[in-house]
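S.K.: Residue-level listing of the chains:
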Amino acid sequence: MGSGVLAFAEQRNGELKKTAFEVTGLAKRLAGELGGEAMVVVIGSGVEGLAGELASRGAQKVIVVDQPELESYSTEGYAAALKIAIEKVDPAAVVLSATAMGKDLGPRVAAELKASLASDVTDVQVDGGTLTVKRPVYSGKAIATLKFTSALPMISVRPTVFTAPEPSSGEAPVEKLTVADLSIRAVVKEVQQSKGDQVELTEASVVVSGGRGLKGPEHWGMIEELADVLGAALGASRAVVDAGWRPHSEQVGQTGKIVSPKLYFAIGISGMIQHLAGMSTSETIVAINKDADAPIHKVATYSIIGDAFEIVPRLIEELKKG
Amino acid sequence: MKFVVCIKRVPNTETRIKIAADGKSIDPTGVQFIPSPYDEFAVEEAIRQKEKAGDGEVIVVCLGPAEATGEIRKCLAMGADKAIHLKDDSTYRDPASTATILAAAIQGLSPDMIFFGKSAADHANSQVGVQVAALLGLPSISEIVSLEVEAGKATAHREIEGGSEVVQTSLPAVFTAQKGLNEPRLPALKGIMAAKKKPIEEVAFEDAPQGCELVQLELPPARAEGKVVGEGADAVPALVKLLREEAKVI
Ligand SMILES: Cc1cc2nc3c(=O)[nH]c(=O)nc-3n(C[C@H](O)[C@H](O)[C@H](O)COP(=O)(O)OP(=O)(O)OC[C@H]3O[C@@H](n4cnc5c(N)ncnc54)[C@H](O)[C@@H]3O)c2cc1C
Ligand SMILES: Nc1ncnc2c1ncn2[C@@H]1O[C@H](COP(=O)(O)O)[C@@H](O)[C@H]1O
Chain Z
1 MGSGVLAFAE QRNGELKKTA FEVTGLAKRL AGELGGEAMV VVIGSGVEGL
51 AGELASRGAQ KVIVVDQPEL ESYSTEGYAA ALKIAIEKVD PAAVVLSATA
101 MGKDLGPRVA AELKASLASD VTDVQVDGGT LTVKRPVYSG KAIATLKFTS
151 ALPMISVRPT VFTAPEPSSG EAPVEKLTVA DLSIRAVVKE VQQSKGDQVE
201 LTEASVVVSG GRGLKGPEHW GMIEELADVL GAALGASRAV VDAGWRPHSE
251 QVGQTGKIVS PKLYFAIGIS GMIQHLAGMS TSETIVAINK DADAPIHKVA
301 TYSIIGDAFE IVPRLIEELK KG
Chain W
1 MKFVVCIKRV PNTETRIKIA ADGKSIDPTG VQFIPSPYDE FAVEEAIRQK
51 EKAGDGEVIV VCLGPAEATG EIRKCLAMGA DKAIHLKDDS TYRDPASTAT
101 ILAAAIQGLS PDMIFFGKSA ADHANSQVGV QVAALLGLPS ISEIVSLEVE
151 AGKATAHREI EGGSEVVQTS LPAVFTAQKG LNEPRLPALK GIMAAKKKPI
201 EEVAFEDAPQ GCELVQLELP PARAEGKVVG EGADAVPALV KLLREEAKVI
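For the record, the sequence lines run as chains Z and W.
Here the first sequence stands for residues 1 to 322, numbered as in this note's numbering.
Here the second sequence stands for residues 1 to 250, numbered as in this note's numbering.
These are calculated hints, taken from the structure and not from any lab test.
Where hints are given, some of them may not hold.
Here are the simulated DSS-like cross-link-like pairs (lysine-lysine), alpha carbons at most 25 Å apart as the crow flies [unchecked claim]:
1. Z/K320 with W/K50
2. Z/K298 with W/K241
3. Z/K262 with W/K227
4. W/K241 with Z/K321
5. W/K50 with W/K153
6. W/K227 with Z/K141
Between beta-carbon pairs, the in silico distance windows are [unchecked claim]:
7. Z/Q125 with W/D27: 44 to 52 Å
8. W/D27 with Z/V191: 41 to 49 Å
9. Z/K320 with W/E225: 29 to 37 Å
10. W/E51 with Z/T122: 36 to 44 Å
11. W/I200 with Z/E175: 32 to 40 Å
12. Z/E166 with W/E51: 53 to 61 Å
13. Z/E166 with W/S90: 42 to 50 Å
14. Z/K320 with W/E246: 41 to 49 Å
15. W/K227 with Z/R185: 52 to 60 Å
16. Z/K18 with W/Q216: 26 to 34 Å
17. W/K87 with Z/E175: 43 to 51 Å
18. W/S25 with Z/G322: 49 to 57 Å
C-beta atoms are modelled at their ideal positions from N, C-alpha and C, and glycine is treated no differently.
Modelling step: build the complete structure from the supplied sequences, incorporating the hints.
M.R.: This is the structure we're talking about:
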């Protein structure tokens with residue numbers, strides 16, 4: 001039985017993701033409750049410099065696995081690196097984010113270490129030294145509570161649900177590890193960036209989503225402007241994705257992305273159960289819909305009943321007033 | 001070429017969920033079951049890859065209750081050749097245990113490509129495919145939206161935040177299917193008839209330990225009663241005020 005909690009800090013292109021700080025914060029909290037240190041591992045090539053930033057967010061020890069073969073993500077490479085970090089520090093628990101990387105990495109490491117992984121977790125409690133987690137199941141229509149019985153509990157948390165600590169002064173010792181005999185069969189040949197400076201949907205604190213009520217792709221100008229004013233990411237219902245108005249990467253729901261922002265706008269979206277599956281854990285939900293009986297109003301914190309083509313421009317105007 | 005597809009029987013995603021008396025499972029009364037939606041992408045891809053390869057065999061593997069033969073037959077009707085049914089009546093089995101049992105069943109089949117859904121529509125663990133790959137010591141590419149096989153190598157696109165990764169692997173390998181990979185075919189009448197004669201082999205399995213105990217299943221907490229701020233554009237100033245001062249989110 002190990003001690004302390006190890007968080008996996010995700011970086012891409014030498015930059016830490018916001019989720020890296022979320023798991024650092026969670027590791028700090030859990031280490032406080034379980035005993036031991038909050039440890040963070042960062043994997044990549046030329047990433048040693050990121051240790052300071054992790055320390056400033058609460059890491060008490062930083063493990064760096066830094067070698068050229070780990071420049072871009074690969075399941076086998078990163079799994080081998082995370083494994084040696086776990087074996088080295090022998091933590092009581094491991095936390096990652098349920099991002100594209102975390103969802104791919106976590107299960108591989110869990111299986112190789114015969115650990116137990118609970119994924120896409122939205123709540124973690126320590127109860128008599130045992131970890132208990134909650135996770136949405138059945139498309140968000142139920143919540144499962146799981147208690148770990150495994151010697152090595154691993155948790156991947158839903159992005160944006162756990163708060164990232166603010167940076168402060170802090171230093172942490174750095175330990176460097178390397179993986180001998182890396183053999184990577186599934187190799188990332190290329191990473192294609194879809195768009196430049198857009199806010200990433202699953203990590204955004206504000207999301208503005210549009211649905212079929214917007215009548216056509218040519219009307220997305222105002223949706224984009226609203227998102228711009230709010231610094232929000234763009235989302236969409238499946239109806240508009242299926243119609244080819246918006247890319248699938250923007251789809252929110254059971255067969256799209258799961259988001260949990262502080263503020264979610266559903267504009268011209270009816271709020272069918274499959275859409276709700278992707279956004280019902282948002283903190284504040286605003287519905288703009290001309291139908292007072294649309295199901296979206298049942299989950300909305302605030303609703304305006306009416307025509308989006310009148311309401312959205314006015315909203316942009318009001319928000320710009322500051 | 002040999003292709004394996006793992007499919008799970010799950011409640012139809014439109015079904016209302018009622019919690020059973022044990023507080024740990026769903027009440028199955030009146031619930032319609034289906035092959036998990038992402039698994040249909042997996043089945044379709046296995047069939048397409050077999051068609052492209054020109055010959056081979058698609059084997060469906062399902063760990064689930066006796067009733068799952070319905071879902072298995074549906075996959076056979078789509079065009080899979082035969083199935084292995086690991087009969088299991090447990091209402092909850094964690095991903096590690098499931099993966100261990102599936103890996104043991106797949107091992108002896110020596111497939112070239114193994115397909116999974118990216119996540120099952122019930123507990124949505126998004127783990128089993130990648131865990132099976134690890135247990136079999138195979139490479140994997142998860143959440144793929146495209147797949148090309150050429151000269152013994154597979155190349156796939158997988159979606160990541162803000163873009164996609166192009167990943168290439170040697171075979172044998174494991175793939176988990178994301179929406180967009182293909183358009184699953186509807187079984188034709190001929191397929192449905194043929195499926196009735198296709199073999200479903202029942203195979204016994206050794207139980208595998210779980211690392212998590214499901215202690216409770218509950219309905220999500222009801223959201224606080226919302227309010228209708230008003231009608232039309234005139235309600236906008238009030239909304240902005242609420243967002244600033246009450247919800248404090250902007
Ligand atoms: C297996 C499965 C998976 C699915 N997965 C998803 C998923 O991941 N995500 C998803 O979103 N859906 C999903 N769906 C589809 C879902 O059931 C709905 O069909 C879809 O969400 C509807 O999209 P919508 O709300 O944009 O369109 P509609 O249901 O057509 O609603 C349009 C809304 O716009 C309103 N409106 C019209 N004009 C205006 C106006 N001028 N101003 C304001 N409001 C207006 C209308 O009152 C209406 O409420 C799935 C379905 C299935 C079966
Ligand atoms: N009991 C099962 N029998 C067969 N395949 C399964 C089973 N459970 C999960 N799978 C497969 O693993 C995928 C991911 O499941 P999960 O990790 O539970 O979300 C599913 O889409 C199926 O392809």
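S.K.: Each hint should be assessed against the structure and marked as holding or not.
M.R.: Here's how the hints hold up against the structure:
1. Z/K320 with W/K50: 57 Å, violated
2. Z/K298 with W/K241: 21 Å, holds
3. Z/K262 with W/K227: It holds: about 17 Å lies between the C-alpha atoms, which stays within 25 Å.
4. W/K241 with Z/K321: Roughly 12 Å separates the two Cα atoms, so the pair holds.
5. W/K50 with W/K153: Between W/K50 and W/K153 the Cα gap is close to 15 Å, so the pair holds against 25 Å.
6. W/K227 with Z/K141: Given pair W/K227, Z/K141 holds - Cα atoms ~22 Å apart, limit 25 Å.
7. Z/Q125 with W/D27: 44 to 52 Å: For Z/Q125 and W/D27 the Cβ distance comes to about 27 Å; the hint is violated.
8. W/D27 with Z/V191: 41 to 49 Å: 45 Å, holds
9. Z/K320 with W/E225: 29 to 37 Å: For W/E225 against Z/K320, whose Cβ atoms are near 31 Å apart, the range 29 to 37 Å holds.
10. W/E51 with Z/T122: 36 to 44 Å: Because 42 Å falls inside the window, the suggested range holds.
11. W/I200 with Z/E175: 32 to 40 Å: 53 Å, violated
12. Z/E166 with W/E51: 53 to 61 Å: 56 Å, holds
13. Z/E166 with W/S90: 42 to 50 Å: Between Z/E166 and W/S90, where Cβ atoms are some 45 Å apart, the hint holds.
14. Z/K320 with W/E246: 41 to 49 Å: Hint violated: Cβ distance 21 Å, outside 41 to 49 Å.
15. W/K227 with Z/R185: 52 to 60 Å: Since W/K227 and Z/R185 have Cβ atoms about 55 Å apart, the given range 52 to 60 Å holds.
16. Z/K18 with W/Q216: 26 to 34 Å: Hint holds: Cβ distance 31 Å, inside 26 to 34 Å.
17. W/K87 with Z/E175: 43 to 51 Å: About 49 Å separates the Cβ atoms of W/K87 and Z/E175, which means 43 to 51 Å holds.
18. W/S25 with Z/G322: 49 to 57 Å: Between W/S25 and Z/G322, where Cβ atoms are some 51 Å apart, the hint holds.
Taken one by one, the earlier hints fail for this structure at numbers 1, 7, 11, 14, listed in ascending order.
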